[in-house]
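Whenever a hint applies, use it, and build me the whole structure from the sequences.
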Amino acid sequence: MLGAAIVTITGNREAFIENYKGILEYTTESIVLQGKNAKICFEGSSLSIDYYTNEDMKISGKIDSLRYI
Amino acid sequence: MLHWIQYLRGYVAIKVWGYSVERLLNLCGNHDVLVWNIEDHGDYHTMHISIPGFFALKPLLKKTGTRAAVLGKYGLPFFVAKMWKRKIFVAGLLCCILFWSLASCFIWDIRIEGNFALTEDVLLDYLETQGVHTAMKKSELDIEKLEHALREDYDLITWTSVQMQGTALLVRIKENDMPAYDNGGETKTKGMDLVAEKAGVVTYIITRSGVPFVSCGDSVEKGDVLVSGAVPVYNEDTTVRRYQYVEADADIILRYARNLSLEESVSYDEKRYTGRIIEIPVLGAGEKEISFRLFDIPYAFYDTSEEKKQVQLLDHLYLPVYYGKKTVQEYEITQKKHTDEEMEELLQERFRKIISTLEEKGVQIAKKDVTIKKNDEKWVMHAHMQLEESALKTVPTDVEPVGEAKEETENTGTEE
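Just so you know, the sequences run in chain order A and B. All residue numbers for the first sequence refer to the numbering used here, where the first residue is 1 and numbers rise by one. All residue numbers for the second sequence refer to the numbering used here, where the first residue is 70 and numbers rise by one.
There may be inaccurate statements among the hints.
To be verified - Negatives, chain A to chain B, calculated, CB over 12 angstroms:
#, residue
1, 4
2, 8
3, 9
4, 10
5, 11
6, 14
7, 61
8, 67
Said to hold, decoys possible - Here are some chain B residues pointing at chain A (derived, C-beta under 7 angstroms):
#, residue
9, 91
10, 94
11, 95
12, 98
13, 105
14, 107
15, 108
16, 109
Said to hold, decoys possible - Some chain B residues judged to face chain A by a derived CB distance under 8 angstroms, without partners named:
#, residue
17, 90
18, 99
19, 104
20, 106
Please keep in mind that the hints were generated in silico from the structure rather than gathered at the bench. All C-beta atoms in this analysis are idealised placements derived from N, C-alpha and C, irrespective of residue type, glycine included.
If you want it as structure tokens, here you go:
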């Protein structure tokens, strides 16, 4: 689907997000990103952003859940 | 790889706090400001940012109401700037690197392996004549040429290998341990005589080739021809037709007399070390040497021994700098006298040595008369010996005139 966010999760330690629109919230417990149609919410502990650009982002830490709000 | 690029381009670790850090991150993304390793610490966030990104950050901070502080600067641009403040250190470092690079262009040590008959001194002198010496440039050395020259100039050397090991030149040779053969081709046309090397009486003779001129019991002088290499070929009327030249070969033993007298003083100086030692550190560079001692040596008699080591770096990097110590040992001299038994033993020992040296040379002692004359100051041993030795040498045969016209002069070469 055109413009939809692509989320790739490796185990529960790494997540790779493409086509996101922006960062809405960033704490060690949760990272909320804006997708095209929905918000993407990562919850866990010791979450950190390894790097990000306008197009993609890499999150690492212990991911407990991924929710679309 | 990415780390290397980040290091080469340089980056800054910053701390960001304020109203909306998330908005700052979004703006950074939109303005192509490269940010990574973002960590949340509750009250503030830390992150790494590129140097151009850091300079572009100011308006974004203002817009989002956040503040930033530098925590650390990393990477090559900052390292260079830091080093620029320590010019002397950097200059020293560069000089050091330059020194090592220059020093490693020269040969600082020459090692020779595999030589038995040819001494190291002889080979080193030879290398010197070939322009190979320590402290010469490596680039001036033609290894192939040196290997070839060594083989050419020394018949004894059958194989050479010259190689550089760091700054040391390793010359490995193999010497010919096979017995040398006489060049038979030349002797056949010319012939070889056996002549006496010493005057004496022939006690034994067996001829294998050539014409013997002497027989058992004959007295000969030094230089007399014992066996001739010119074998006459006779005509039917017993005149010499021509000479056939051979290499004379015979076992001949000459007996000759030799007198020997050995002297030994009864009194002698005994050297006794007192146990007092001075050790002096020594530092040397090339031919020059410095001893670290201010005062003169307070001993009347002393022996000096020196131990030096060449400075070596890594495995094969030798420098022309030496260090070591000089040991000065004091001794005292006391006058003593040998007892009669000691005197006899000393003279006998010297005599035994002379005899064993003669025997090593292949000389046999047929007879010996030994007398010892004694007085208070010295003993003298007189020995009269009859020696037997195969004292021969080969010389080219005097080429006899050949042809019918010279027949009358050639009747000397009669057999037996």
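Exercise for review: Check each numbered hint from earlier against the structure, then list the numbers of those it violates in ascending order.
Suggested key: 7
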